[in-house]
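So the sequence lines, in the order shown, correspond to chains A and B.
Per this note's numbering, residue 10 is the first one in the first sequence, and the count goes up by one each step.
Per this note's numbering, residue 10 is the first one in the second sequence, and the count goes up by one each step.
Keep in mind the hints are simulated off the structure, nothing from the lab.
Incorrect hints may appear among the rest.
Pairs count within a copy or across copies, as identical chains cannot be separated in the list.
[What the hints assert, rightly or not] Capping the alpha-carbon separation at 20 Å, the derived lysine to any residue pairs in SDA-like fashion look like this:
| id | residue 1 | residue 2 |
| --- | --- | --- |
| 1 | Lys13 | Asp187 |
| 2 | Lys162 | Glu151 |
| 3 | Lys160 | Asn150 |
| 4 | Lys64 | Ser17 |
| 5 | Lys34 | Ser168 |
| 6 | Lys64 | Tyr86 |
| 7 | Lys64 | Thr83 |
| 8 | Lys34 | Gln44 |
| 9 | Lys136 | Glu124 |
Protein chains: 2
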Amino acid sequence: MKIKVGISMRHVHLTEEDCYTLFGKDLTVKSELSQPGQYAANETVTLKNNDREMKNIRVIGPNRNYTQVELSKTDSYYFRLDPPVRDSGDLEGAEEITIIGPLGSITRKAAIIAERHIHITKEDREKYNLLNNEYQIQIDNEKGGIMNHIKIKEAPNSSLELHLDSDDANAFCLMQGDEVEIIEE
Amino acid sequence: MKIKVGISMRHVHLTEEDCYTLFGKDLTVKSELSQPGQYAANETVTLKNNDREMKNIRVIGPNRNYTQVELSKTDSYYFRLDPPVRDSGDLEGAEEITIIGPLGSITRKAAIIAERHIHITKEDREKYNLLNNEYQIQIDNEKGGIMNHIKIKEAPNSSLELHLDSDDANAFCLMQGDEVEIIEE
Chain A
10 MKIKVGISMR
20 HVHLTEEDCY
30 TLFGKDLTVK
40 SELSQPGQYA
50 ANETVTLKNN
60 DREMKNIRVI
70 GPNRNYTQVE
80 LSKTDSYYFR
90 LDPPVRDSGD
100 LEGAEEITII
110 GPLGSITRKA
120 AIIAERHIHI
130 TKEDREKYNL
140 LNNEYQIQID
150 NEKGGIMNHI
160 KIKEAPNSSL
170 ELHLDSDDAN
180 AFCLMQGDEV
190 EIIEE
Chain B
10 MKIKVGISMR
20 HVHLTEEDCY
30 TLFGKDLTVK
40 SELSQPGQYA
50 ANETVTLKNN
60 DREMKNIRVI
70 GPNRNYTQVE
80 LSKTDSYYFR
90 LDPPVRDSGD
100 LEGAEEITII
110 GPLGSITRKA
120 AIIAERHIHI
130 TKEDREKYNL
140 LNNEYQIQID
150 NEKGGIMNHI
160 KIKEAPNSSL
170 ELHLDSDDAN
180 AFCLMQGDEV
190 EIIEE
C-alpha cells in the first residue's frame, strides 16, 4: 500500500519548565501540523555547540515531558555532534547541546536523529494490516531504493503518515506529500 | 561483494577556458583523491544563485572539457535550484548557477546532482563479474536499506570505489571508507 510522506526538518521539543526558562511563557501556535494537536510554535530557538550555531529553529508543541533536539546527520556534522538514532522520547546516549531562547538558555543531553517512523491509529493498523513493529518503504525514482527500519508508532488521534528526516527525503528526492510504497521486511 | 564508499561533497569541474577566467592560471594540487590523477585544487570558488551563495567550494582537477557544479539535493534547496540527476559530463537540463573566482565570474547551465556510481577498470569488472550497467547496494545499520541505480563507470586507471553524494551518505549514516554490499538488481 501507499503512504504519504511528511518530512521533519530539525526541531526542538521542550518540557514546560524548559519552555519557561527560554521564553517565560507558554508556546503559541503558528501553524497546525499534520498530526492532530501538534503545531509549529511562533517561538524559535538558537541551537549551539561550541562555535557552531543555528538560529530560528522551530519548536514543536505542545510541550513534552522531555526536552529533545531532533537533528539530521547533516546537521550533526555541522554541530560536530554524533547523536544516536532514537525513537522520540528515548534520550539514551543523546548528545549534549545548548538551546537558547530570548530569556535564557539550557544545556541538555537532548540531541538525537529520529528513527524513520509511521504515525498510525490502532484502527488503521487493523484496517491496513500493518501489525508488525517495523516495515520497509520502497521508492521508485532516479535515486530510488528501499529504506529499512520504518517503525510503527501507534497512537490515538494519529494521521496516517510516514515521517522521514531531511537527509532521507533529500537522498531519495522525496517531497512533502509524496506517496511511497510500504513493504514487508 | 563489498565495495568501499567515497563521499562526494559539492564541488566544481572547470574547462581550461573557465579556469583561466576565474583564476588566470592553471589549477594547483592541494591533495590527491582516491581516483588516480584526480585532485582537490588549492583554488576554490564561490557559488551563487540570486541572494544565496556558498564560499570556499572545492574545484576538482584536472580540468574537464565541460564546466560542471555537482550539488546534493540539500544544497539545491539552499540555492533554490532544481538540478537533474545526471552522469558527470551530461549537462542536459542542468540548472544555471554563477561561479565566482578571484579574477572573474561565469554563469553556466552547469548544476547537476550526480548519479550514484562505481569507478572500476575493465579488468576489475571481469574479475568481480560486475558486467551489468547498474547495480544496487545494501546497507545494514539502524538507517539501512538499499540504494538503486548505482551506475558502473568503467575507465582505465580507476580505483574500485562507490561514489555517493553527501545526502546519500548522511541518510544511511555512511562514512568515507565504509564498506557496503553490491547486489544484483
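Q) What are the numbers of the hints the structure violates, in ascending order? A) 5, 8, 9
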